[in-house]
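Single-letter residue listing:
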Amino acid sequence: MNSYRNRPEAIQALVQDDRVHRDLYLSDELFALEQERLFANTWLYVGHTSQVPNPGDYWSLELAGRPVMMVRQTEGVVRVLYNRCAHKGSRLVSDESGNTGKFFRCPYHAWTYRLDGAPLALPLKAAYADTRLTECESGRGLVPLAQVAIYREFVFARISEEGPDFQTYFGEVLGAIDNMVDRSPEGRLTVAGGVLRNVMQCNWKMYLENINDTVHPMSTHESATRAAADLWQGHTADEPKPMAMEQMLPFSAGYDFFDKMGGRVFANGHSVLGVNFSIHSNYAQLPEYEAAMRAAHGEQRAADILQRSPQNSVFFPSLSVKGSPQAIRVIRPLAADRTLIEAWSFRAAGTPDLLFERAMSYNRLVFSPMSVLAHDDVHLFESMQRGLRAEGNEWVSLHRDYDPSERAQSTITTNGTNELLMRNQFRAWAIYMASGDAATP
Amino acid sequence: MMDAFDFVAAEAALLDSGRFDDWLALFAPDGHYWVPLLGAAQADPLSHNSVAYDDRLLLQLRIDRLKNPRAHSQHPKSHCQHVLQRSVVECDDKASGEMTLRTPFIYIEARGDDQVLLAGNCRHQLVQGPDGLLIRQKRIDLLNAQRVLPAIQLFI
Numbered sequence: 001m002n003s004y005r006n007r008p009e010a011i012q013a014l015v016q017d018d019r020v021h022r023d024l025y026l027s028d029e030l031f032a033l034e035q036e037r038l039f040a041n042t043w044l045y046v047g048h049t050s051q052v053p054n055p056g057d058y059w060s061l062e063l064a065g066r067p068v069m070m071v072r073q074t075e076g077v078v079r080v081l082y083n084r085c086a087h088k089g090s091r092l093v094s095d096e097s098g099n100t101g102k103f104f105r106c107p108y109h110a111w112t113y114r115l116d117g118a119p120l121a122l123p124l125k126a127a128y129a130d131t132r133l134t135e136c137e138s139g140r141g142l143v144p145l146a147q148v149a150i151y152r153e154f155v156f157a158r159i160s161e162e163g164p165d166f167q168t169y170f171g172e173v174l175g176a177i178d179n180m181v182d183r184s185p186e187g188r189l190t191v192a193g194g195v196l197r198n199v200m201q202c203n204w205k206m207y208l209e210n211i212n213d214t215v216h217p218m219s220t221h222e223s224a225t226r227a228a229a230d231l232w233q234g235h236t237a238d239e240p241k242p243m244a245m246e247q248m249l250p251f252s253a254g255y256d257f258f259d260k261m262g263g264r265v266f267a268n269g270h271s272v273l274g275v276n277f278s279i280h281s282n283y284a285q286l287p288e289y290e291a292a293m294r295a296a297h298g299e300q301r302a303a304d305i306l307q308r309s310p311q312n313s314v315f316f317p318s319l320s321v322k323g324s325p326q327a328i329r330v331i332r333p334l335a336a337d338r339t340l341i342e343a344w345s346f347r348a349a350g351t352p353d354l355l356f357e358r359a360m361s362y363n364r365l366v367f368s369p370m371s372v373l374a375h376d377d378v379h380l381f382e383s384m385q386r387g388l389r390a391e392g393n394e395w396v397s398l399h400r401d402y403d404p405s406e407r408a409q410s411t412i413t414t415n416g417t418n419e420l421l422m423r424n425q426f427r428a429w430a431i432y433m434a435s436g437d438a439a440t441p
Numbered sequence: 001m002m003d004a005f006d007f008v009a010a011e012a013a014l015l016d017s018g019r020f021d022d023w024l025a026l027f028a029p030d031g032h033y034w035v036p037l038l039g040a041a042q043a044d045p046l047s048h049n050s051v052a053y054d055d056r057l058l059l060q061l062r063i064d065r066l067k068n069p070r071a072h073s074q075h076p077k078s079h080c081q082h083v084l085q086r087s088v089v090e091c092d093d094k095a096s097g098e099m100t101l102r103t104p105f106i107y108i109e110a111r112g113d114d115q116v117l118l119a120g121n122c123r124h125q126l127v128q129g130p131d132g133l134l135i136r137q138k139r140i141d142l143l144n145a146q147r148v149l150p151a152i153q154l155f156i
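Chain order of the listed sequences is A and B. For the first sequence, counting from 1, position 371 maps to 371 in the numbering used here; every step adds exactly one. For the second sequence, counting from 1, position 99 maps to 99 in the numbering used here; every step adds exactly one.
Treat the hints as calculated values from the structure; they're not laboratory data. Be a bit skeptical, because a hint or two may be false.
Unchecked claim - Among chain A residues calculated to face chain B with C-beta under 7 Å, some are:
hint, residue
1, Ala228
2, Gln233
3, Met243
4, Ala244
5, Met370
6, Val378
To be verified - In silico DSBU-like links for lysine-lysine, alpha-carbon gap of 35 Å or less:
hint, chain 1, residue 1, chain 2, residue 2
7, B, Lys67, A, Lys241
8, A, Lys125, A, Lys88
9, B, Lys77, A, Lys241
10, A, Lys102, A, Lys125
11, B, Lys67, A, Lys260
12, A, Lys88, A, Lys102
13, A, Lys260, A, Lys241
14, B, Lys77, B, Lys67
What the hints assert, rightly or not - Covered by chain A, per the in silico footprint, the following chain B stretches (three or more residues, Cβ under 8 Å):
hint, stretch
15, 34-41
16, 54-63
17, 120-134
Please read these numbers as outputs of a predicted model, since none were measured by experiment. All residues carry an ideal CB built from backbone N, CA and C; glycine is no exception.
Kindly produce the complete structure, drawing on both the sequences and the hints.
In structure tokens, the structure reads:
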């Protein structure tokens, strides 16, 4: 393997106009550099404020290898702090979630902190009187993440102080979160139903690419969609379907369907797949819910919100959003060849239970460790992780519908099977990775 | 009583020998296969999500998929082994013929060079069918259902 740390031009050379080098998926060194450069300098999804509803509630997680926690403050706001005692580095909390009361207390030496991380007290205080403690990091309490943005209750953070501000970084793709929230007539979502967690032995970029891969369902998912179609044979097209059938049958819609759904790319690797329609567009209508939406938003706006149901909106590099069903996937890279995927579902205030059941059912069918569909995806990701070690071809093809003029534009609307949606992710990857600047929190 | 204990053992043996159609025939028409995401703590399958919650239609779909040579994740094929502890009768309603048995288990699923090891309790809710016992619900409470799991390809 090459050494990339001090060779930005070597990293840049891995991402060509229409293909990428296998080291992006295989190199442990590039993964370490991703932790420093890509994930530290981009805005990562942390969680939803409804995970910490009450003052003192915390939710802990690892963000690009760093221990962090979302904490609801006494005055109601949500902060994101590093989960690290200022003294010797123990984590303040080791449960995933809970309530810490009015302060954090380190289990090791009983140093305490306010909910905002400010130091509160420590034993043998007099012994520190003539020391440099208060002048250094150890005296300053818990460290907040350098940058935090809460957008319609979705919490994002950036590890590095430097970089584009939140709105500039995400731009138009934020409309996907708007659409998801606006699907609640009361404009409020709550995380509900738990989180399905899947770990797979593949590079995280294979998963992220596949979220925009419209050509694989017909072959990858043939076994599941064939079984579904055979079981549903003999029923008429307009017959109400069991939810599992309603959600699975569209996967085999065909190349033309996926091409015509259209896609759009934005600067910084973000995308919306299914700008015209998607496999989620034809779920059974719910007249009472639609009436509630019209009452809340007005006729035209309600129609606009409900008509828009893209396949996936990617918030590069950590989040994929579906407005309908109301579900997100969070990509948590663990190593060059190990990736954790979380699938969360939401309950939208003022909507029928059926919408929540759709979100749970979809996650269960498609993203659960016992998914009916994902086994074949995961098998193929893990298969690529091994296959790429072959000699004679070190490149992964992303040629489909390549057009040299695409390099000159940042926002492009295109056909749904154009691999531009993936090329766009790798171009953003190269910019952050070749910048050569390690994170400077 | 012995019938029910034998039923639970025979049900696992059908899975372990890959006789999935025969296994599905053990389910009542309204039967469900349920792996709650909260394990034993979960009250119902609708207020919280599940690792799996299948009616007979979805079970049939999974079984049909496994028969398709293009079920890519089954190259190489998965094999499973249930190791069951003695069942405990939790409910035995003589009037209706319904019974609930709890069976602690270890489940091993092997595929290629990899093995998945799971442990937990299985709850069989059994009803009297025309030709003997049938499963109204097979509930599997995993020890650690909420944490990260690898792919589980067959049936626990």
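Outcome of the hint check:
no. : hint                : verdict
1   : Ala228              : holds (6 Å)
2   : Gln233              : violated (12 Å)
3   : Met243              : violated (10 Å)
4   : Ala244              : holds (5 Å)
5   : Met370              : holds (4 Å)
6   : Val378              : holds (5 Å)
7   : B:Lys67 - A:Lys241  : holds (24 Å)
8   : A:Lys125 - A:Lys88  : holds (16 Å)
9   : B:Lys77 - A:Lys241  : holds (31 Å)
10  : A:Lys102 - A:Lys125 : holds (21 Å)
11  : B:Lys67 - A:Lys260  : holds (32 Å)
12  : A:Lys88 - A:Lys102  : holds (22 Å)
13  : A:Lys260 - A:Lys241 : holds (24 Å)
14  : B:Lys77 - B:Lys67   : holds (11 Å)
15  : 34-41               : holds (count 3)
16  : 54-63               : holds (count 6)
17  : 120-134             : violated (count 0)
In this structure, the hints that do not hold are numbers 2, 3 and 17, in rising order.
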